[in-house]
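S.K.: Top to bottom, those sequences are chains A and B.
Quick note: the first sequence, position 231, residue 231 per the working numbering, numbers continuous.
Quick note: the second sequence, position 210, residue 1210 per the working numbering, numbers continuous.
Some hints could be false.
In silico EDC-like cross-links for lysine to aspartate or glutamate, where the CA-CA straight-line distance does not exceed 20 angstroms [stated by the list, open to error]:
{"#": "1", "chain 1": "B", "residue 1": "LYS1090", "chain 2": "A", "residue 2": "ASP26"}
{"#": "2", "chain 1": "B", "residue 1": "LYS1340", "chain 2": "A", "residue 2": "GLU146"}
{"#": "3", "chain 1": "A", "residue 1": "LYS194", "chain 2": "B", "residue 2": "GLU1344"}
{"#": "4", "chain 1": "A", "residue 1": "LYS194", "chain 2": "B", "residue 2": "ASP1087"}
{"#": "5", "chain 1": "A", "residue 1": "LYS142", "chain 2": "B", "residue 2": "GLU1344"}
None of these hints come from the bench; they were simulated from the model.
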Amino acid sequence: MTSSTGQPAISVRDLTVGFGKRIVLDRLSLDVRRGEILGLVGASGGGKSVLLRTIIGLIPKRQGHIEIMGMELDKADPGELRRIGRRWGILFQQGALFSSLTVRQNVQFPMRENLDISQPLLDELAIAKLEMVGLSPDDGDKFPSELSGGMTKRAALARALALDPEIVFLDEPTSGLDPISAGEFDVLIATLQKTFGLTVFMVTHDLDSLHTVCDRVAALADGKVVAVGPMQELLASRHPWVKSYFHGDRARVRAGAAH
Amino acid sequence: MSDPTLTSSAGGTTTTFVAAGNWTAAHSGPLDRLVPAVSGTAKIAGRVAIDVSRIEQLDTLGAWLLERLLRRCGRDGQEPVFVGVPDHFKDLLERVHDLNRRTPPAPAGGNLVTASLERLGRATLGFKDDANSFLAMLGAIGVSLVSTLRRPRTLRMTSVIHHLYRVGWQAVPIMMLITFLIGGIIAQQGIFHFRKFGADAYVVDMVGILVLREIGVLIVSIMVAGRSGSAYTAELGSMKMREEIDALRTMGFDPVEVLILPRVLALVCALPILTFLGSMAALYGGGLVAWFYGGMSPAIFIARLQEAISVTHFEVGLIKAPFMALVIGVVACSEGLRVKGSAESLGLQTTTSVVKSIFLVIVLDGVFAIFFASIGM
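So here's chain A without its partners, still in its complex pose (with noise of 0.2 angstroms):
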């Protein structure tokens, strides 16, 4: 990486964001280190996602700083946007695969718009891609509207793959997979992420998830994060609302199972 490694991928500093009265983040504050899967748990509606889509600049915020990667996309004019666009890659919940386009080629899109290669490279690349997701070379050819749901989650992560980014942004995306996709799915990122340095920004509530491939985990809730640290530490905080969503019925199941 040519920045430094001491620096945050992803630094939020007091960020509040509300929808006409409500405040949904409050003076919200979280680093994503470089090279870390980091989870991002919360209660539904709780403001996950719009802490996603704000530090991608799809919300506008009340106040405070967001970088990414050493950049304030407020500041940022309209070629260095582009620029983050190549360096980070966004899966969003329901896909948002453009519908008119095939699986294919939406996995080509932002190839065909970033990079300076031919036909065929493009079409190996794409199918190279979509069968490290566990899609079909065959499922190539079909459009995002004949696709499951887990199928369209899977296309969706081979675009936001496409590019080789430097951060990931996943919001919820084991959900609605089986659990052997899912567990593929998180062998695919920790792959991703050791071979080069991923940084992985992922809103779960897939304790399975939680426990293998993340590095940190934080919980939000009350519009403030909560608590932030590897698993363990997340286990042991005394947090009520952190702790019953460790420590509840469906989290003892999963427990008892993995021992």
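Guided by the hints, dock chain B onto chain A, whose structure is given.
M.R.: Frame of chain A; chain B shown alone:
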């Protein structure tokens, strides 16, 4: 960041490719040309090894290019290998090794003539589908209307009023403006050309008859098809895309009764009103032009208008309006329900809806002209 390089050296029983530098997407262009160039010129003899120890950065693009090079160098019995693989690249290279093993068959390219013949054939058969879906929607609306008439309380009055407000009330200003201008233009053209043979007084007959019988209802219908028909198609189409219509159906509601009947009823009510207002605006525009451009005072214009037209002309125009509305509503709703998953299909169906309803409105107008002529109206 150093540029990627690839060199080959043949030494006795081994050919070694040495890759170095940054094999990443940032260098995609040079890499794409470099690899075939080097592997094409290299003499491959004996065992092939690819030394990757000097690569600084690697991503999936670089890894795939290396893997492709590896596969191309494969000989019978001689499996080429990567040497000097650093630990942090190992997983990626192993992962890439399994990819792209099975290439999908290339799509069969047909020849141009047969392809265009096929398109023509499909388009011709498409007419049948179009007619089917039109009639099916008309039938569904009829059935729904009958069942609503039996139990009038099931009619969604709120929805009807809401749509009446949207397609009727909100459309009034633009409809009146357009018809006002059209009336003025007809009067101006009439005066300009009739004056050559001293018949400019007859412009009142022309404006009166044309506006009341044809132009009023036709212009308003075309405007409504573009304004409200397209909105209906887009609304229903996006509801279809988001599975809202399926949700409604599974809850035991009939989408025709809940969504389509109120829309079509609102249109059928609104169009005669808009036609009436539009015709009045057109006559007003014609009168103003006759006054200022033709020098015919309003009193004379009104007096001549009374002689020239009868209630019959007015009736002919208004009778057509609800039928036009029905055609627009049925086309708009049936096209809306034919939207498939993609945004492109939504756009296509909306275009089709507008084009088709305008076409049908004009055809219907022609049919009515023959009908009224033969019954002497």
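S.K.: Hint by hint, say whether it matches the structure.
M.R.: Status of the hints after comparison with the structure:
no., hint, result
1, B:LYS1090 <-> A:ASP26, "violated (43 angstroms)"
2, B:LYS1340 <-> A:GLU146, "holds (10 angstroms)"
3, A:LYS194 <-> B:GLU1344, "violated (39 angstroms)"
4, A:LYS194 <-> B:ASP1087, "holds (10 angstroms)"
5, A:LYS142 <-> B:GLU1344, "holds (15 angstroms)"
Hint violations for this structure: numbers 1 and 3, all remaining hints satisfied.
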